[in-house]
Amino acid sequence: MNRRLLPLSITILLFAGMAAFGAIRYDGFLSPQVFLNLLIDHAFLCVVAVGMTFVILSGGIDLSVGAVIALTTMISAALLEAGWNPWASMALVLVLGSLFGAAQGYLIQRFALAPFIVTLAGMFLARGCCYLISTESIAIDNPTWSSIAQARIPVGLDASLTVGAVIALLVVLAGMRVAHASEFGRTVYAIGGGEASARLMGLPVATAKVGVYLLSGFCAALGGLVMTFYMLSGYSLHAVGLELDAIAAVVIGGTLLSGGVGYVAGTLFGVLILGIIQTLIAFDGTLSSWWTKIVVGALLLLFCLLQRLFEARSRKAA
Amino acid sequence: MRRLVRHKLFWPVATLLLLIAVSAAFNPSFLSIAWRDGHFYGNLVDILNRAAPLMIVSLGMTLVIAVRGLDISVGAVVAIAATVAALMIGGSFSASGDVASEHPLWLALGTALLVAAACGLWNGLLVVKAGMQPIVATLILMVAGRGIAQLLTGGQIITVYYTPFFTLGNGFLLGVPVALWLAAALWCGLHLLLSRTALGLFIRAIGGNPEAARVAGIRAASITLCVYTFCSLAAGIAGLIISSNVKSADANNAGQLLELDAILAVTLGGTALTGGRFTLAGTAVGALIIQTLTSMIYSIGVPPEVNLVVKAALVFAVMLLQSAEFRSLVSRAVRTGHKPA
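So the sequences go chain by chain: W and Z.
The numbering of the first sequence is my numbering, which starts it at 1 and goes up by one.
The numbering of the second sequence is my numbering, which starts it at 1 and goes up by one.
Keep in mind that the hints were calculated from the coordinates and are not lab data.
Just so you know, not all the hints are guaranteed correct.
Rough simulated footprint, nothing fancy, chain W against chain Z, three-plus residues with beta-carbon under 8 Å [to be verified]:
1. 126-137
2. 140-146
The following residues of chain W were derived to be distant from chain Z, with all beta-carbon distances above 10 Å [stated by the list, open to error]:
3. 10
4. 79
5. 183
We treat Cβ as the ideally placed atom computed from N, Cα and C, and that holds for glycine.
Work out the full structure: start from the sequences and follow the hints.
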């Protein structure tokens, strides 16, 4: 078996194990809708985490995604309130998100700045812009938006998905395709493996580096739209701390934070694991919500230690 | 003049003076310092007092960044230390009016700091022994730590009624806030330790090239471990000051986003995020810049919503000034613009 697939298979096994635990322990856990709800409730996280996967694969980090989501919800809510066409406002926020990401990528690439600080400043900027639009929550009552929010896509067995969940699945599929079967994807892996060698190989390093942040900005804006379909409101304090959930999902999904190793599919399972922990705690009913944080922290620890173990072993083998 | 501009503290201090000048221009009473109720009173004193916890955390962060690390768990450690102290001193939920502490004050404060130091030791072990990247290693405690603090408090805000505890965050010694004395003492102690012993040199060497430092016989692992422990200990002290100031411990919100402000203060002060070069004085100035900016925005009557946007603009500006690529771009633009004499 390919050694690189090992972290991914552990993630999937862990998910299966948690599902089995829930099924044995709690009545009604093993229903298709419970599992689809994992995706429905965390669709925006999933979309953002796919973008984050590319950033992390390239050896960078993007702390601005949570704030960009909030800004997207604010801008789209404000535009709808001003009477904009819903499709035009959707297109506009996606373009704005991509531009925001690309601008951060340009600063990081052109001036050799630390991604951590650039995207931190980007986070302040995006959150600050939210407050400039409004400090209050803005409700969305646009009919097109509401019908998208309420639409259910039946998938058989009395279960259904929301539009947001379908978008999340499509983003994961598109992300897998881009990561593993495009020049951009190969360049991103190469940059994460070693930027200098990627440049010497003649790969378009500069373009790809700006590209990953553009992609992350786009995913954050799309995640923001998915969130408005879920919440039907724009609010400056939406998605506070979501960047950490996204990073945690990527790491639990088996991607190395040092870059160059990982799979987009793993990120999907990372998101599902974060979701199933919350579902298990909700089903239990006696545990408080802070147990989610403690368990997520413990899982992060487990995965990082495992990854170090694999690295040490493969270095010994080489 | 040129030597002055080249000094590494020039830009941070210039930024700070500019901010103070702008505040003073909008609000003439900004610079006035009065003696009232047995202590100094005024906007500047207020800024120094409020900046003290951030300054203390940032000092620890400076050293962590100097050894090529990063500690994003400081906010969680603040919450943990505040919670432990509040629980031990007398976190009774009923306001009976009785102000006896459950445990002696020194024991409560000591335990809180010990727990904080243990958090740092844990971070350090993950970085040094397990070889994890600093961001990930401290991300674990950042996520789990706040959960643990909430577990201890049961998600409630714990109010402290024991008055001697309030001295830390609200008291004055010789007319100067106690928190400021603490920050100053920590700064001086650290400065002496790093300039009078070889430790400062060792830390620079580890940050410059960890492998070379190790080969040169520096015990890089144990020094790094100490640095992480110290950073969390500093966060613990800040946590005590913060909880003493608000007379309660809020596990959900205490120290929220403090890690980002601390990293910002360190960067604004001129410490390189790549490690090796650090300046304690710069960090203190950086923390003051952040607090002055916040106070300024409130005092000149700009809506507080703008605070974050201004902060972001400031970070972008400082970041670009620190980038060698940007400076060479500008100097090239200047040179092609004006013919050199």
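Now for the hints, and whether the structure bears them out:
no. : hint    : verdict
1   : 126-137 : holds (count 8)
2   : 140-146 : holds (count 7)
3   : 10      : 17 Å, holds
4   : 79      : 19 Å, holds
5   : 183     : 26 Å, holds
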